[in-house]
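Q: Sequence:
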Amino acid sequence: MTGWQKKKTTALLILEDGTRLEGYGIGAEGHAAGEVCFNTAMTGYQEILTDPSYAGQIITFTFPHIGNVGANDEDIETVNMAALSGVRGAVLRADVTNPSNWRAAEKLDAWLKKRNIIGISGIDTRALTARIRENGMPNGVIAHAPSGDFDEASIMAELEAFPGLEGLDLAREVSTAQTYHWDEARWKWGEGYASIPNPEFHIVAIDYGAKRNILRCLSEQGAKVTVLPATATAQDVLDQNPDGIFLSNGPGDPSAMSDYAVPAIKELMNAGKPMFGICLGHQLMGLALGGTTSKMHQGHHGANHPVKDLTTGKVEITSMNHGFAVDAKTLPPGVTQTHLSLFDGSNAGLAVDGKPIFSVQYHPEASPGPQDSHYLFTRFLNHVRAQKGMDAVPEHPKP
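Numbered according to full-length UniProt numbering, the sequence shown spans residues 1 to 399.
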């Protein structure tokens with residue numbers, strides 16, 4: 001070959017306004033429609049791509065070098081392997097290099113294929129991110145054809161058929177279909193994952209799209225965790241005789257779950273058990289308490305979001321992933337806003353006055369992300385300890 005020759009286009013990203021971006025495909029072949037968002041985390045792409053909260057979305061990574069540490073079986077967050085994660089695609093700046101990390105078991109390209117995730121590289125992700133910041137998260141379609149020949153009529157038909165995330169219930173798609181028990185604790189250097197022997201407490205978690213590290217953090221507190229499907233009724237939960245109830249993260253519009261999840265949560269709140277919700281679980285708790293939720297302009301997706309704990313005055317750097325938020329002004333008397341996003345002032349936590357019930361919008365399990373918020377799992381289990389007449393343990397133990 002002489003002179004300069006442009007690489008053949010093997011992937012497309014087409015937005016609903018007609019914007020057409022050409023690049024180079026990786027991962028699965030075919031095409032998929034979804035809402036295009038961006039994530040600002042510099043690490044943890046494997047955890048991000050397996051987070052069920054991203055179901056129905058195409059993720060634009062603002063960090064340019066994705067795939068450089070490969071993939072492995074330990075950094076997966078999806079619990080329901082049958083549903084994979086629901087992520088529709090990944091948008092990257094740089095071509096994926098060979099992995100260089102002692103934990104790498106395979107290349108990102110092969111890993112994406114196994115999980116049926118379509119990827120595109122060679123995109124100006126800074127420009128795309130700026131567009132989303134200005135105009136909001138658009139619907140789009142991502143396509144990969146190694147031959148460079150695209151069935152554009154079929155591609156555009158899929159984009160036109162995609163309804164968007166507002167009004168969409170995706171929790172049923174990513175939730176477990178049956179009850180199971182979880183006893184795996186957090187990863188430790190040189191040991192990997194281990195079980196907690198002789199757990200003191202029993203927590204029932206309702207799975208709206210739960211992440212593994214959330215369940216690990218609960219187990220780390222000395223809890224046996226029983227996981228129930230998203231459609232579990234209040235009686236299903238109470239029949240397990242739990243010491244506490246956890247409402248998990250998940251994808252989609254919380255208001256679309258008002259016919260089954262919200263009534264169950266309302267009934268559970270009257271049972272007097274300690275309750276803790278994260279992300280979608282937080283939004284559903286807000287709805288059950290009489291508040292409202294709304295779609296955000298660009299959402300919060302990253303591992304560098306500052307949040308203020310209004311109960312202590314401390315600021316923590318958090319991991320976030322949500323496109324809907326609780327409207328704090330709609331929370332009724334008796335419900336206190338406990339956490340606040342310092343990026344845009346949106347609600348990041350609530351608590352029921354005088355009851356052991358609280359929730360946060362962000363991801364304290366930190367996978368990926370900083371571990372500033374791990375104390376919330378201790379706060380939850382301290383509510384359980386209080387009901388059992390046990391002494392509380394420090395939320396922030398001394399090193």
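Keep in mind the hints are simulated off the structure, nothing from the lab.
The C-beta atom is built at its ideal place from N, Cα and C for all residues, glycine as well.
A hint or two may mislead.
Claimed, not checked - SDA-like cross-link-like pairs, simulated, lysine to any residue; straight-line CA separation at most 20 Å:
1. K295 with A328
2. K308 with H374
3. K388 with V96
As the list claims (entries may be wrong) - The calculated label-pair distances, taken between Cβ atoms and stated as ranges, are:
4. K388 with G345: 30 to 40 Å
5. D151 with P333: 53 to 63 Å
6. Q337 with A157: 23 to 33 Å
7. P397 with N135: 37 to 47 Å
8. A157 with T179: 20 to 30 Å
9. H297 with K355: 24 to 34 Å
10. G334 with P394: 38 to 48 Å
Q: So the hint says 24 to 34 Å: do the beta-carbon atoms of H297 and K355 match that?
A: 33 Å, holds
Q: Starting from the range 53 to 63 Å, see whether the pair D151 and P333 falls in it by beta-carbon distance.
A: 56 Å, holds
Q: Can you tell me whether the CB distance of K388 to G345 sits inside 30 to 40 Å?
A: 38 Å, holds
Q: Falls inside 23 to 33 Å, the C-beta gap from Q337 to A157?
A: Hint violated: Cβ distance 44 Å, outside 23 to 33 Å.
Q: For K388 and V96, compute the direct alpha-carbon distance and say whether it is at most 20 Å.
A: Violated: K388 and V96 sit about 52 Å apart, past 20 Å.
Q: Checking one constraint from the list: CA of K295 to CA of A328, max 20 Å. Satisfied?
A: Roughly 14 Å separates the two Cα atoms, so the pair holds.
Q: Given the range 38 to 48 Å, decide if the beta-carbon distance of G334 to P394 lies inside it.
A: About 28 Å separates the Cβ atoms of G334 and P394, which means 38 to 48 Å is violated.
Q: A range of 20 to 30 Å was offered for this pair. Does it hold for the Cβ distance of A157 and T179?
A: 39 Å, violated
Q: Okay, P397 versus N135 on CB: inside 37 to 47 Å?
A: 45 Å Cβ-Cβ, so the 37 to 47 Å window holds.
Q: Quick one, are K308 and H374 close enough, alpha carbons at most 20 Å?
A: Holds, at roughly 14 Å.
The structure fails to meet hints 3, 6, 8, 10 from the earlier list, while all remaining hints are met.
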